[in-house]
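Protein chains: 2
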Amino acid sequence: MTTLKNDRFLRALLKQPVDRTPIWIMRQAGRYLPEYREVREQAGDFMTLCSTPELACEVTLQPLRRFDLDAAILFSDILTIPDAMGLGLYFAEGEGPRFESPLQSVADINKLGALDPSDKLKYVTDAVALIRRELDGKVPLIGFSGSPWTLATYMIEGGGSKTFARAKALLFEQAEAAHHLMNVLADSVAAYLNAQIAAGAQAVMIFDSWGGALSQAHYHAFSLASMQRIVDQLKRKQDGETIPVIIFTKGGGNWLESMADAGVDAVGLDWTVDIGAARQRIGDKVALQGNLDPAVMAASTETVEREARSILDSYGAGSGHVFNLGHGITPNIKPENVEALVNVVHSHSEQYHQV
Amino acid sequence: MTTLKNDRFLRALLKQPVDRTPIWIMRQAGRYLPEYREVREQAGDFMTLCSTPELACEVTLQPLRRFDLDAAILFSDILTIPDAMGLGLYFAEGEGPRFESPLQSVADINKLGALDPSDKLKYVTDAVALIRRELDGKVPLIGFSGSPWTLATYMIEGGGSKTFARAKALLFEQAEAAHHLMNVLADSVAAYLNAQIAAGAQAVMIFDSWGGALSQAHYHAFSLASMQRIVDQLKRKQDGETIPVIIFTKGGGNWLESMADAGVDAVGLDWTVDIGAARQRIGDKVALQGNLDPAVMAASTETVEREARSILDSYGAGSGHVFNLGHGITPNIKPENVEALVNVVHSHSEQYHQV
Chain V
1 MTTLKNDRFL RALLKQPVDR TPIWIMRQAG RYLPEYREVR EQAGDFMTLC
51 STPELACEVT LQPLRRFDLD AAILFSDILT IPDAMGLGLY FAEGEGPRFE
101 SPLQSVADIN KLGALDPSDK LKYVTDAVAL IRRELDGKVP LIGFSGSPWT
151 LATYMIEGGG SKTFARAKAL LFEQAEAAHH LMNVLADSVA AYLNAQIAAG
201 AQAVMIFDSW GGALSQAHYH AFSLASMQRI VDQLKRKQDG ETIPVIIFTK
251 GGGNWLESMA DAGVDAVGLD WTVDIGAARQ RIGDKVALQG NLDPAVMAAS
301 TETVEREARS ILDSYGAGSG HVFNLGHGIT PNIKPENVEA LVNVVHSHSE
351 QYHQV
Chain U
1 MTTLKNDRFL RALLKQPVDR TPIWIMRQAG RYLPEYREVR EQAGDFMTLC
51 STPELACEVT LQPLRRFDLD AAILFSDILT IPDAMGLGLY FAEGEGPRFE
101 SPLQSVADIN KLGALDPSDK LKYVTDAVAL IRRELDGKVP LIGFSGSPWT
151 LATYMIEGGG SKTFARAKAL LFEQAEAAHH LMNVLADSVA AYLNAQIAAG
201 AQAVMIFDSW GGALSQAHYH AFSLASMQRI VDQLKRKQDG ETIPVIIFTK
251 GGGNWLESMA DAGVDAVGLD WTVDIGAARQ RIGDKVALQG NLDPAVMAAS
301 TETVEREARS ILDSYGAGSG HVFNLGHGIT PNIKPENVEA LVNVVHSHSE
351 QYHQV
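So the sequences go chain by chain: V and U. Heads up, the first sequence is in this note's numbering, so the first residue is 1 and it goes up one at a time. Heads up, the second sequence is in this note's numbering, so the first residue is 1 and it goes up one at a time.
Hint data in this document are derived by calculation from the structure and do not stem from the laboratory. Treat the hints with caution; some may be incorrect.
A pair holds if it fits inside one copy or across any two, identical chains being indistinguishable in the list.
[Stated by the list, open to error] Straight-line alpha carbon distances no greater than 20 Å define the calculated EDC-like cross-link-like pairs of lysine to aspartate or glutamate that follow:
#	residue 1	residue 2
1	K162	E95
2	K334	E173
3	K162	E93
4	K138	E339
5	K162	D270
6	K122	D68
7	K122	E54
8	K15	E257
9	K111	E176
10	K162	D136
Please read these numbers as outputs of a predicted model, since none were measured by experiment.
Chain V on its own, in the form it takes in the complex (with noise of 0.2 Å):
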């Protein structure tokens, strides 16, 4: 294996010291690039783009050669495990993924079995190994997944929702069809992050866009304890590395306690989080990735600088912040203010990461 040139992001997620707090950006590989817009357009549909490995890889390190970014992350799509699962992934002009063939029924759920992910994403895995080919140890690469009440919202509702109430339905009137499909979910999803690992992933992220949205109660009994089935099925070591896990609920703030007891190196922030106040209540524990607000990107690079000097210095002296945005980067956005953000970020935590 090639040695890594910057491994600060694979420290600072283990808590090791770093000379500066390493930064990547949730959805960097994206629409606020042209030459990504380039590729889009070529590749004719996004799932073209995600399922060819050429096309995936050439996005993914496009961010790179602009930006002194920390990691690479895997391009692909939070809904590919339904979609290898035959519901039929695609993407309505200005919709978000939809579903040709949601889950209608207990019977539908029943049906479902855990994926083996060599057959039908072996696209991906094929990604993976190229990218870490072609990063040739610049960086390290994240592989991910979407977690499995995400996955699951979009799976009943047939697409993006803002309610979730047919989603929520299930967990609360079919509790035993509900845990079958997180189980079967959890399974999968901790079969591709381990396929993701052997092809050369060098940490794993799992994102859970929609725990925020449930109560309490419920995000515990099915979406952690479904991360966490997950995380104890996860291969943590490979070629004598440690592999990172890092978990992220978005609207997760009042269960941070929780989250950091789930065995991962990290817990992500969204932006309504104090990261000083979180970094109190568990970054003992864990390392902490985040969080500035994706809105501040779009001001101007004053802003975004001042903005980013705040997070650091809430978060104060010491290895374990991975520095991110509280959610993904919108299409908006000059490049401009990233290299901006990238830079500061460096310059300003050196301060912090003193011998």
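Once you've looked at the hints, dock chain U against the given chain V.
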């Protein structure tokens, strides 16, 4: 004045002993009721319904004829103030509220002055007086307004938003104008709520629908500070009776302690918070209102009853709880489930109010 026949709601807000836990429902006068849809159709458009006191009174009273609710809430819209400021509120079919003339610049903001509710909002205070007369002491009447930050988001974005990019840009880039806008809106809301109190409102509630989209620092500096400014100006006594004040920030679970410190009588909770844990955090200081997930109402009657009991059990013994949903009831709900909810809250809570 007529003596109040059922003062459970007011007593619970003041943490005085009650025989049963009181209940009312956010958006209880709404599209889930066929008799509401009939009046709404007659009125033609939504604003005609709001601005015609006889119609607003009629739909306010409708749910009280069906269900044993412990409070009435003025039927109105949260955006009446910016409409009265000249921004031109309208409702595009299936799109939610929009403004014809949103705020476009700091100059637009600086032109705004605090509103005198006795002129352009007389239709609201007329409705309050009429409803109060028609209620004839059956239950207390709640007045309300949107919070300054929530009003500001619609005034700046021109309607609903997912990211609040423009409204947040104001906070990030033009702090002085942002504070001016919050102050003008806070003073307008205070005058508006005081006019509702003078006309007969027996409790008031401030709805902060979008405070939960802010960072902790901005929530405190803008949304909560402006609600505090309102609370400080409210007339808390009318005709010898105390007028309780409730504030509710959707997604505010991280900040309950600060909300409880704002000099209010009660804090509204959305469904992501465990009400028993919230009571431990802040329940000695204030009453709590909430917090059933509105999605439960679409489930079976048995589920509605089970989940309602679970919230009552979590709150436990003693006064200081007003049962409600954690957000507004949705149009797809069967009225039978509302009836079951009201009845189970009354019957199951009796055990918690033994003298």
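Worksheet entry | Index of numbered hints that the structure contradicts, given in increasing order | Of the numbered hints given earlier, those the structure breaks are 6 and 10, listed in rising order.
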